[in-house]
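K.L.:
Now for the letters of each chain:
2 protein chains.
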Amino acid sequence: MVNDTALETLYKTVDQNQDDYVERLREAVAIPRYEARDIGCHDMDGVNLQLPPIILGTYGNDPNKKTILVYGHYDVQPALLEDGWDSKPFDMIETPKGQLVGRGASDDKGPIIGWLNCIEAHQNADIEFPVNLKICFEGMEENGSEGLEELISKEADKYFKDVDAVCISDNYWLGMTKPCLTYGLRGICAYKVAISGPGKDLHSGVFGGTVHEPMTDLIHLFSKLVTPSGKILITGVNDDVALLTDAENQMYKSLEFSLSELHSAIESKTTIFDNEIETLQHRWRYPSLTLHGIEGAFSSPGFKTVLPAKVTGKFSIRLVPNMDPNRVNELVEKYLKDEFAKLGSKNTISVECLHGAKPWIANPNHWNYVAASNAVERIFKCKPDLTREGGSIPVTLTFQDALNKNVLLLPMGRGDDGAHSINEKLDRSNYVQGIKLFGAYLHEIASCKDE
Amino acid sequence: MVNDTALETLYKTVDQNQDDYVERLREAVAIPRYEARDIGCHDMDGVNLQLPPIILGTYGNDPNKKTILVYGHYDVQPALLEDGWDSKPFDMIETPKGQLVGRGASDDKGPIIGWLNCIEAHQNADIEFPVNLKICFEGMEENGSEGLEELISKEADKYFKDVDAVCISDNYWLGMTKPCLTYGLRGICAYKVAISGPGKDLHSGVFGGTVHEPMTDLIHLFSKLVTPSGKILITGVNDDVALLTDAENQMYKSLEFSLSELHSAIESKTTIFDNEIETLQHRWRYPSLTLHGIEGAFSSPGFKTVLPAKVTGKFSIRLVPNMDPNRVNELVEKYLKDEFAKLGSKNTISVECLHGAKPWIANPNHWNYVAASNAVERIFKCKPDLTREGGSIPVTLTFQDALNKNVLLLPMGRGDDGAHSINEKLDRSNYVQGIKLFGAYLHEIASCKDE
Ligand SMILES: [Zn+2]
Ligand SMILES: [Zn+2]
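As they're listed, the protein sequences go chains A and B. Under this note's numbering, residues 272 to 722 are what the first sequence spells out, in order. Under this note's numbering, residues 272 to 722 are what the second sequence spells out, in order.
Simulated from the structure, these hints should not be mistaken for lab results. No false leads were mixed into what you were given.
One copy or any two copies: either way a pair holds, since identical chains are not told apart in the list.
Only pairs whose alpha carbons sit at most 20 Å apart, straight line, appear in this in silico PhoX-like list of lysine-lysine:
# : residue 1 : residue 2
1 : 471       : 617
2 : 676       : 429
3 : 575       : 471
4 : 613       : 495
5 : 540       : 471
Produce the complete structure using the sequences and hints provided.
P.N.:
Here it is in structure tokens:
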């Protein structure tokens, strides 16, 4: 049973100390070395600089308590005032509407400082911390989390050994008013397809009409991958997509999402579906295929009468349960080679999978989710949206695979926070309520009857 | 009747003075300001420099003689030793095999110095010059002949008024051993097709599957333009292509051309046709369509999960008689818009014709060609190949349209001269025989019975 009185005290403490917490976030935003590109190993001169540290920490070690691992990242996207910010990106300000504006305020310093504030609030309020907490805060997330996977595998049986569940706070509410728990992410298979013909670029006047043009072949192949309405045409690829159940379909009906929000996000009305539910289902639980571009063809402004000798098309498929990257690779390679053979071209093809990541889905009925859901009801007086995302957050899969524990994505910020954009913000209320949410979530975990 | 004795004397004079002529070509190659980019109006800082002069000159003014206009250009492509030249590009050398190697040796200083040598040889041999000669040597050919068309129109009724026929020496033999006269060039219509959707580039994970992707639309449209075997699919575009007559087909049988030469030129065996005749016909007398590339999509090495907001495809169609650029534009625009409508996309399309140039074809039975053909037989003891070219030489059409006179392309160099490439060369024998050829051509003109 959750001690409601203790929680009320905790909330009061958080409210009373909120200006201090905001100040700490301001300090965190101001630390310029948190921009990983400045200290990462990807410097332009090829010098191998040291990776920024992955911060591990343990708070509490009581065998009678659950152990919860929280993940966040302290590195941020680059930001310059000249990019168009209304204020200096590393000097966090608060707007009259209570928005904390600064690079990293929402992605992802708000959440990580929030976890630390949550510990401190318990100390200030003199309330026993309900779980053993382990933190894992990295500094390379915006650069592919280099070094993290190795560390997690290496420490799976050591530092991470007693973890009972994982909580990642590095995504966003679906909309602006209703909190969510996120239980699924799409995976990805990324490909390049190279078509080679002549040994060098040719003049289209001299050779056009007499040689098999690699660009023509590639365009024909690409046109056979996906329809303009988004249907993937690769034989067999859709076969493993999990069927939509009634229960799942039902869940979509209560989500805080409107097409008009989507239209303003994409700055056009060029959406395929005319309703919210199909739109979200095609973002979250159906695969998609995007043609990203072509390397080796003429891509500059202006015009050039070139007949490119070798062109490399790039595309990717977003994967959903129960698609498997290896199986998708087989299907894609076979399909492309079969279709290429039908073209009757003397050019040559090569297909390469650049990257594969499985889709991720968690059981939203697990105690980790139930606790989070109860905590949302406590703080926000409503049931959270149960959401998935169309993109991937690779660390989610890494933790799940390495630790084999339930992973929960519990966002702090709103859908319009503008992570990676100019004027990134975190609403003060999201920050303060978020700290309370983290606390309530941990207390709910401590009291839940599991296993 | 041609005075054979006078011609024999002329040939001897040319042979005797050939080292002087080579020296003059060496001097011409050495003049660095002949690189038009250095003096043209296209400088990098946007400063409007003066155009290099177009050199006009008249030699002879006898109303009883024909007046022949010869065109050439004294500007050259840029060249740096670092590009891979075996010798300094502006210090012309002669190899042991008798190749004069230097930038511009063949394109196009050899021919223009050749015309001047031809005049001088007549003076040295004390032979009456058989025609009135007018020269038009420009210095912007490699940069689009800026300023030339205006001058030709302006002077059509003045300087160019009495011209009876035009001779352009700025192309090449089809092969390495047999001279040719060139009587046709393909035209071109160049297009860009822009497909716009979202207001900004999107993340393919978040939005893939829910929005109409401009890249997918463009790929589908592009796939409907041309087949992998080069057949143009645009409704009506092939209707105006002149039918191949038996006589024309016959002409292809004697041409000096082999697929193996073509294979070494393109550094692959990816030709569409397995025989020389169809190959040349599709280079010269059938249209072709090349997809050049796409602006706005991801075109760098590596991978990026971008869903491009606006993509602009570039393609061009090579035109042949009796295709008309305006008619082709209409057909292309209608076809693209019809096909786009079939896609059912909410994106928008715009089609723009960037450039249109008519195909050019001359009557190879005109006295200008007959004279040149006879001259070739005199010098090379064989009938010339009658060739066309797949690309365009815009000045050809400009002269024909402005002066309404027969235009002949009479090349001096061989097919392997490497204009625009490193180690550009002109064989000494082509240079020396070329000067004789120019002379014999003018004498044949003087004696031909025309009109
Ligand atoms: Zn983040
Ligand atoms: Zn030239």
